[in-house]
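Respectively, the protein sequence lines represent chains A and B. Residue numbers for the first sequence follow numbering that gives the first Met the number 0, beginning at 0 and rising by one. Residue numbers for the second sequence follow numbering that gives the first Met the number 0, beginning at 0 and rising by one.
Note that these hints are calculated values from the structure, not bench results. Among the hints, erroneous ones may be present.
A pair holds if it fits inside one copy or across any two, identical chains being indistinguishable in the list.
Think about it this way: if two alpha-carbon atoms lie no more than 27 Å apart in a straight line, the pair counts; the simulated DSSO-like pairs of lysine-lysine are [as the list claims (entries may be wrong)]:
| # | residue 1 | residue 2 |
| --- | --- | --- |
| 1 | Lys132 | Lys32 |
| 2 | Lys159 | Lys133 |
| 3 | Lys46 | Lys159 |
| 4 | Lys7 | Lys135 |
| 5 | Lys133 | Lys7 |
| 6 | Lys46 | Lys32 |
| 7 | Lys135 | Lys32 |
| 8 | Lys132 | Lys159 |
| 9 | Lys159 | Lys135 |
There are 2 protein chains.
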Amino acid sequence: MSSQLDEKLMVIFGRRSVRVYSPGEVDEGVVQKLLAAAMAAPSASGKNPWHFVVVRNRETLSRMSGTLAYGEILGTAALAIVVCGDLEVAHDNQLSYLLQDCSAAIENLLLCAHILGLGACWLGVHPRVERIKKIKEVFFLPPAVIPVACISLGYPGESKEPHAVYNPNCVHSESW
Amino acid sequence: MSSQLDEKLMVIFGRRSVRVYSPGEVDEGVVQKLLAAAMAAPSASGKNPWHFVVVRNRETLSRMSGTLAYGEILGTAALAIVVCGDLEVAHDNQLSYLLQDCSAAIENLLLCAHILGLGACWLGVHPRVERIKKIKEVFFLPPAVIPVACISLGYPGESKEPHAVYNPNCVHSESW
């Protein structure tokens, strides 16, 4: 396999959840690239039901941190991106499609962060009722807009090796 | 921005849904790479609730095609991968996490297919009750295993340009 191909595959295999950040601002152009990557994901019936709230304000980050598992990592993150879906826009107004579409967008965003030398971590919101309520309050989300996750972002303050995760027990040939 | 960086970003921005395939088998090593990429996705609490059924049998592909939107494209696909999640394994047995985890895995799989020169398309299953029922029957899925989507795969028979999808209306600064 060519080294160029290997390098491209490392976009996927080299991505890890980074929860420790170094100081340093992430500039707007980089954030815009991350959001464009997220929006390059496929969505059910091409509805693109996603929305993104970019949060740099330290007080707001601090308000979010208490409600999330691992939320304390927002204390050193340069920013967070809250990924939400609009149930009125999602295909057939189905929560399932909203979650699938937003999750594909989040994975693109995480991979793009990795390409650009940033560290990122997916902090779950949905389906935890108390987290959804808190995030909706903090960001004044409209009723039909559901927060799926918060992505913490910053320059990596920890280094992780790619890890092999192939589990043959999860693979079935032709039938279960 | 360096051309090497641009090439890596094209992993994300160059991926398109490919629904027309050229003849040609996809070998097992390539399929294994796709599955490894899928399993490199993050999952809630690291539960990795995903399962993958690799389908090359033409009769089975034909049985699947009738139940899926765009299912007819399986007629010329080299194979399909049915992506399922196990509700007994998913974090807190929550369907939301199962859908998020499987969708992140699917996006990795689609991007890996693109890197490897394959074309792929995400064919929705969940939450359509009749599609779930049919896929569970065809593949003898255990009760707790929920099919999320079928991914059609093959050598591309159509060529698509990357398309810009950045929508500023989906981006919010600090608050909605």
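Practice task
Measure nothing new, just compare the shortest in-copy and cross-copy C-alpha distances for lysine 132 and lysine 32 to 27 Å and report within, between, both or neither.
Solution key: neither (29 Å within a copy, 40 Å between copies)
Exercise for the section: Up to 27 Å between alpha-carbons, please classify lysine 46 paired with lysine 159: within, between, both or neither. Expected result: between (36 Å within a copy, 19 Å between copies)
Exercise for the section: With 27 Å as the alpha-carbon cut-off, assign the pair lysine 7 and lysine 135 to within, between, both or neither. Expected result: neither (37 Å within a copy, 35 Å between copies)
Problem - Homo-oligomer pair classification [lysine 135, lysine 159; C-alpha up to 27 Å] - result: neither (33 Å within a copy, 38 Å between copies)
Handout entry: Identical-chain pair category, lysine 132 with lysine 159, by Cα at 27 Å
Key = neither (34 Å within a copy, 41 Å between copies)
Practice task
If the cutoff is 27 Å on CA atoms, where do lysine 135 and lysine 32 land: within, between, both or neither? Let me know, please.
Solution key: Within one copy only: 25 Å inside a chain, 39 Å across chains, cut-off 27 Å.
Handout entry: Intra- versus inter-subunit Cα pairing at 27 Å for lysine 159 with lysine 133
Key = Neither. Shortest intra-copy (32 Å) and inter-copy (42 Å) distances fail the 27 Å Cα cut-off.
Handout entry: Alpha-carbon proximity between lysine 46 and lysine 32, which holds within one copy, between copies, both or neither at 27 Å
Key = Within one copy, since 21 Å is at most 27 Å while 30 Å is not.
Handout entry: Homomeric proximity label, lysine 133 with lysine 7: Cα distance no greater than 27 Å
Key = This pair counts as neither: shortest intra-copy Cα distance 38 Å, inter-copy 37 Å.
The structure fails hints 1, 2, 4, 5, 8 and 9 (numbered hints given earlier, in ascending order).
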